[in-house]
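Protein chains: 2
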Amino acid sequence: MLEYIFNPSSVAIIGASRDPSKTGYVILNNIIKAGFKGKLYPINPKADEILGLKAYPSIESVPDQVDLAIIIVPAPIVPSIIEQCNKKGVKGIVIISGGFSETGAEGEKLEKAIVEIIKKSKIRLIGPNCQGINNPHVGLCASWPLITAKGPIAVISQSGTVGATMECWASDEKVGISKFVALGNKADVNEIDLIEAFSEDKDTKVISLYLEGVSDGKKFMEIAKKVTKKKPIVILKGGRTKLGAKAVMSHTRSLAGKDEVYDAAFKQTGVLRVDEIEELYDVSKALALLKLPKGNKVLIITSSGGSGILSVDLCEKLGIALPELPKKIKEALKEKLPPYCIISNPIDLTGDATAERYGIVIQECANAPEIDAFFTIFGDPIVGAAEVIKESMEKTEKPIVVAFLGGGEVEKSEKEKMQSYGIPVFPTPERGIKALNALIKYSRILSKH
Amino acid sequence: MLEYIFNPSSVAIIGASRDPSKTGYVILNNIIKAGFKGKLYPINPKADEILGLKAYPSIESVPDQVDLAIIIVPAPIVPSIIEQCNKKGVKGIVIISGGFSETGAEGEKLEKAIVEIIKKSKIRLIGPNCQGINNPHVGLCASWPLITAKGPIAVISQSGTVGATMECWASDEKVGISKFVALGNKADVNEIDLIEAFSEDKDTKVISLYLEGVSDGKKFMEIAKKVTKKKPIVILKGGRTKLGAKAVMSHTRSLAGKDEVYDAAFKQTGVLRVDEIEELYDVSKALALLKLPKGNKVLIITSSGGSGILSVDLCEKLGIALPELPKKIKEALKEKLPPYCIISNPIDLTGDATAERYGIVIQECANAPEIDAFFTIFGDPIVGAAEVIKESMEKTEKPIVVAFLGGGEVEKSEKEKMQSYGIPVFPTPERGIKALNALIKYSRILSKH
Numbered sequence: 029m030l031e032y033i034f035n036p037s038s039v040a041i042i043g044a045s046r047d048p049s050k051t052g053y054v055i056l057n058n059i060i061k062a063g064f065k066g067k068l069y070p071i072n073p074k075a076d077e078i079l080g081l082k083a084y085p086s087i088e089s090v091p092d093q094v095d096l097a098i099i100i101v102p103a104p105i106v107p108s109i110i111e112q113c114n115k116k117g118v119k120g121i122v123i124i125s126g127g128f129s130e131t132g133a134e135g136e137k138l139e140k141a142i143v144e145i146i147k148k149s150k151i152r153l154i155g156p157n158c159q160g161i162n163n164p165h166v167g168l169c170a171s172w173p174l175i176t177a178k179g180p181i182a183v184i185s186q187s188g189t190v191g192a193t194m195e196c197w198a199s200d201e202k203v204g205i206s207k208f209v210a211l212g213n214k215a216d217v218n219e220i221d222l223i224e225a226f227s228e229d230k231d232t233k234v235i236s237l238y239l240e241g242v243s244d245g246k247k248f249m250e251i252a253k254k255v256t257k258k259k260p261i262v263i264l265k266g267g268r269t270k271l272g273a274k275a276v277m278s279h280t281r282s283l284a285g286k287d288e289v290y291d292a293a294f295k296q297t298g299v300l301r302v303d304e305i306e307e308l309y310d311v312s313k314a315l316a317l318l319k320l321p322k323g324n325k326v327l328i329i330t331s332s333g334g335s336g337i338l339s340v341d342l343c344e345k346l347g348i349a350l351p352e353l354p355k356k357i358k359e360a361l362k363e364k365l366p367p368y369c370i371i372s373n374p375i376d377l378t379g380d381a382t383a384e385r386y387g388i389v390i391q392e393c394a395n396a397p398e399i400d401a402f403f404t405i406f407g408d409p410i411v412g413a414a415e416v417i418k419e420s421m422e423k424t425e426k427p428i429v430v431a432f433l434g435g436g437e438v439e440k441s442e443k444e445k446m447q448s449y450g451i452p453v454f455p456t457p458e459r460g461i462k463a464l465n466a467l468i469k470y471s472r473i474l475s476k477h
Numbered sequence: 029m030l031e032y033i034f035n036p037s038s039v040a041i042i043g044a045s046r047d048p049s050k051t052g053y054v055i056l057n058n059i060i061k062a063g064f065k066g067k068l069y070p071i072n073p074k075a076d077e078i079l080g081l082k083a084y085p086s087i088e089s090v091p092d093q094v095d096l097a098i099i100i101v102p103a104p105i106v107p108s109i110i111e112q113c114n115k116k117g118v119k120g121i122v123i124i125s126g127g128f129s130e131t132g133a134e135g136e137k138l139e140k141a142i143v144e145i146i147k148k149s150k151i152r153l154i155g156p157n158c159q160g161i162n163n164p165h166v167g168l169c170a171s172w173p174l175i176t177a178k179g180p181i182a183v184i185s186q187s188g189t190v191g192a193t194m195e196c197w198a199s200d201e202k203v204g205i206s207k208f209v210a211l212g213n214k215a216d217v218n219e220i221d222l223i224e225a226f227s228e229d230k231d232t233k234v235i236s237l238y239l240e241g242v243s244d245g246k247k248f249m250e251i252a253k254k255v256t257k258k259k260p261i262v263i264l265k266g267g268r269t270k271l272g273a274k275a276v277m278s279h280t281r282s283l284a285g286k287d288e289v290y291d292a293a294f295k296q297t298g299v300l301r302v303d304e305i306e307e308l309y310d311v312s313k314a315l316a317l318l319k320l321p322k323g324n325k326v327l328i329i330t331s332s333g334g335s336g337i338l339s340v341d342l343c344e345k346l347g348i349a350l351p352e353l354p355k356k357i358k359e360a361l362k363e364k365l366p367p368y369c370i371i372s373n374p375i376d377l378t379g380d381a382t383a384e385r386y387g388i389v390i391q392e393c394a395n396a397p398e399i400d401a402f403f404t405i406f407g408d409p410i411v412g413a414a415e416v417i418k419e420s421m422e423k424t425e426k427p428i429v430v431a432f433l434g435g436g437e438v439e440k441s442e443k444e445k446m447q448s449y450g451i452p453v454f455p456t457p458e459r460g461i462k463a464l465n466a467l468i469k470y471s472r473i474l475s476k477h
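Chains as they are written, first to last, in this note's numbering: chain A, 29 to 477; chain B, 29 to 477.
Don't read these hints as lab results, they were simulated from the structure.
Hints may be right or wrong, so weigh each one.
Since the list can't tell identical chains apart, any single copy or any two copies may satisfy a pair.
[Claimed, not checked] Listed below are the simulated DSSO-like cross-link pairs for lysine-lysine, each with C-alpha atoms no more than 30 Å apart in a straight line:
1) LYS355 with LYS270
2) LYS274 with LYS356
3) LYS140 with LYS362
4) LYS254 with LYS50
5) LYS119 with LYS423
6) LYS469 with LYS270
7) LYS50 with LYS178
8) LYS286 with LYS246
9) LYS50 with LYS358
10) LYS440 with LYS82
11) LYS137 with LYS362
12) LYS295 with LYS345
Turn these sequences into a full structure, and let the hints guide you.
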């Protein structure tokens with residue numbers, strides 16, 4: 029039934045507004061601007077037309093079938109609106125409005141009233157108290173800001189902002205998203221339902237979550253265990269500390285739970301846990317776009333000695349192996365590279381490195397069993413980096429993780445090119461190595477199954 | 029004497045080239061493009077003119093006094109060039125060329141020969157084997173990429189790339205730099221000389237370093253202790269692990285040393301240590317642009333519950349206090365803010381937060397002794413954020429640290445405005461809190477003195 033929420037033929041926006049400062053305007057405007065091809069019905073008893081579309085006084089007065097209703101009206105009247113939706117045969121509902129269980133006893137009653145109606149119906153409900161949903165693949169941006177970049181990452185977030193941040197970055201870097209869901213109070217649909225749904229979604233390669241609590245521990249573990257065999261799940265968990273858990277209570281009324289319990293549960297089920305929002309994005313991006321390594325043996329190729337050293341430090345800390353190259357490869361490289369290049373691990377191509385040198389090294393090690401993955405650091409304005417990495421990726425089954433930094437305008441244009449080729453670029457060695465570590469970890473998780 | 033290196037009246041580029049692929053072209057071109065006002069003398073025996081400037085066959089044939097020589101010629105002829113510079117009365121030299129002690133015994137001899145000449149002269153030397161220097165305040169970009177943004181951060185780096193990355197970010201965000209120095213092999217001038225020099229530099233507010241080893245431990249501690257009483261020193265140290273230290277040896281021949289020793293030395297001398305390149309930048313940016321808090325008591329103001337929770341988790345981990353507001357302020361805020369705002373710490377202004385609400389909270393707490401600093405999270409497309417923060421900064425002596433995320437195009441334009449006002453913006457709650465923590469730490473260091 030979630031299909032009607034993410035891929036509806038017709039959508040009613042209940043509480044659509046002509047005032048650009050209102051959420052009811054923003055949502056309708058974003059759906060229009062995102063290019064939604066289905067039917068759109070603004071519902072507002074005080075308007076005949078909104079944003080060029082005929083408006084209806086109520087959902088009941090819409091002449092056609094409505095698959096999905098987006099609700100942005102004051103909390104007290106939401107239960108009666110849901111009743112009307114039910115009568116109309118609406119299949120999916122997203123309640124953006126706040127004022128429910130997150131506000132206290134009064135709101136809790138309202139939320140219970142909604143759940144009562146939903147339970148007796150076939151309707152599936154997202155929210156209330158959420159930042160909506162987005163499916164760029166059909167132009168359904170029932171959320172904000174306006175995000176239209178299609179891509180492989182499904183974002184499920186108990187915080188609208190954290191989810192929107194993932195969307196913004198994925199849009200800026202042309203990675204794109206497959207789905208976005210702000211969970212809100214999880215009155216009906218929760219993260220477990222969505223993980224299950226997105227595990228079957230052909231547009232989704234990675235499922236990325238910000239969570240403050242899990243709705244049903246046992247069920248979560250059962251589903252997560254199953255899904256991680258097919259697709260990676262990456263989770264950032266808020267409320268790890270005592271004070272954090274207290275803040276969670278007043279945000280979404282979730283029980284943050286003991287952090288050690290989550291840690292153990294994530295490990296057991298093959299969920300990749302991350303510590304920061306940027307890491308949630310970096311790891312998701314890497315898993316969505318790169319091949320998986322067969323093991324943890326990495327060759328670092330760099331033009332910057334310092335960046336190589338920072339990478340080595342982090343590899344040692346994370347347990348990533350940095351093997352010496354076999355003699356035969358070393359000798360071949362010595363012949364093909366300038367004599368001042370340092371043929372070790374890292375391979376230091378030095379400050380005057382050309383893009384071609386990276387290609388030479390990767391080609392030479394493309395099939396070497398001693399190496400499972402490449403970490404290439406472009407630490408200068410190196411022209412042609414994008415082309416060389418693109419070509420190299422066709423010549424090896426091993427993943428190539430790219431960090432680009434210190435390259436000024438050349439860096440910007442090469443990064444843009446790489447992004448247009450679907451090659452993820454990381455802004456520092458540290459962020460690149462953490463992303464690579466996630467590839468290694470997920471590869472291990474898959475091989476255990 | 030370092031004054032002649034960073035603020036010369038005349039500069040000779042020995043090894044200037046007409047070939048755009050050569051460093052000797054890039055350096056001359058960047059100095060011209062950066063708008064250097066002093067005299068420029070390209071030295072190249074095979075050219076009459078380079079980039080529109082009259083070229084000279086040797087430094088001796090230059091008709092005027094030369095303050096600074098930038099050397100980009102093959103290592104074997106560098107000693108004789110230095111001799112010529114000495115005869116000419118050159119006061120400062122930067123050797124970009126590699127091929128010295130970093131390459132083995134042969135190169136070591138060459139470097140020793142250079143040091144011999146320098147020791148007997150009044151010349152101060154930076155390098156060899158380095159990415160040059162930059163002083164945007166006089167348009168002297170004798171380095172790459174081209175960076176012209178003037179600002180308060182002095183960057184000293186044992187890695188050209190790590191330093192250039194700091195320059196690039198500071199340029200992109202209009203923070204700017206005061207000086208950039210790539211240390212290279214530190215044959216003469218080392219990080220200690222530069223820390224001392226920049227402690228007196230009126231354009232420098234923060235001294236930021238990437239180091240792989242310290243040249244003279246005792247002297248370093250003596251100088252660092254003195255300087256941190258006046259200006260903050262922030263250090264990222266490469267080669268923390270065993271393998272990292274090994275890589276340091278082959279990069280700059282530095283002895284990375286035991287990490288615990290560095291840790292203790294940094295703590296004793298009031299140096300702020302960071303773990304990643306981005307943190308080096310974030311912390312430097314905060315210290316350069318923000319006021320210092322009197323203590324560690326922070327009020328978090330957010331439109332995003334989730335971002336608030338992630339901030340709380342990190343505050344607890346770092347030992348930042350999040351006091352409850354006094355009853356009187358709470359009551360005042362309850363009157364002035366919508367009833368659904370959560371008046372706690374974090375203060376959650378909720379998803380429909382306007383910029384004005386942030387202003388109301390800051391004004392109410394501007395003089396409250398219970399609070400030492402504000403952490404404001406704009407977690408939505410909040411129009412007017414820049415103006416409100418600018419005005420608020422004028423009304424309180426407490427620092428206001430800003431994180432902005434999930435705001436799409438509005439975020440980009442508000443961020444640009446804040447940057448034009450000299451207000452630093454952090455892209456995530458985590459990076460903002462780490463920067464705020466550095467402000468707290470440095471304030472503590474100052475109060476101990």
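**Report entry** 30 Å Cα threshold - placement of LYS358 relative to LYS50
**Finding:** between (64 Å within a copy, 28 Å between copies)
Query raised in the report: Checking LYS355 and LYS270: alpha-carbon separation at most 30 Å within a copy, between copies, both or neither?
Result: between (54 Å within a copy, 23 Å between copies)
Query raised in the report: Which holds for LYS50 with LYS178 at a C-alpha limit of 30 Å: within a copy, between copies, both or neither?
Result: within (26 Å within a copy, 41 Å between copies)
Query - Alpha-carbon proximity context of LYS295 and LYS345, limit 30 Å - result: Classified as both; 19 Å inside a copy, 22 Å across copies.
Query raised in the report: Is it within, between, both or neither when you check LYS440 against LYS82 at 30 Å Cα-Cα?
Result: neither (45 Å within a copy, 34 Å between copies)
Query raised in the report: Quick one: LYS469 to LYS270, C-alpha cut-off 30 Å, is that within a copy, between copies, both, or neither?
Result: Both, since 29 Å and 23 Å are each at most 30 Å.
Query raised in the report: Between LYS286 and LYS246, at a C-alpha cutoff of 30 Å, which is it: within one copy, between copies, both, or neither?
Result: For LYS286 and LYS246, only the intra-copy Cα distance (15 Å) is at most 30 Å; the inter-copy one is 47 Å.
Query raised in the report: How would you classify LYS140 and LYS362 at a CA-CA limit of 30 Å: within, between, both, or neither?
Result: Between. Shortest inter-copy distance 27 Å satisfies the 30 Å Cα cut-off; intra-copy 72 Å does not.
**Report entry** Same-copy or cross-copy closeness of LYS274 to LYS356 [CA-CA at most 30 Å]
**Finding:** Answer is between; shortest inter-copy Cα gap is 23 Å, intra-copy 59 Å.
Query raised in the report: With identical chains treated as interchangeable, where does the CA-CA distance between LYS137 and LYS362 reach 30 Å or less: within a copy, between copies, both, or neither?
Result: Only across copies: LYS137 and LYS362 sit 24 Å apart there, 74 Å inside one copy, limit 30 Å.
Query raised in the report: Under a CA distance limit of 30 Å, which applies to LYS119 and LYS423: within one copy, between copies, both, or neither?
Result: The answer is neither: 48 Å in one copy and 52 Å across copies each exceed 30 Å.
Query raised in the report: 30 Å Cα cut-off: does LYS254 pair with LYS50 within a copy, between copies, both or neither?
Result: Answer is neither; intra-copy 42 Å and inter-copy 56 Å both fail.
Hints 4, 5, 10, counting from the list given before, are not met by this structure.
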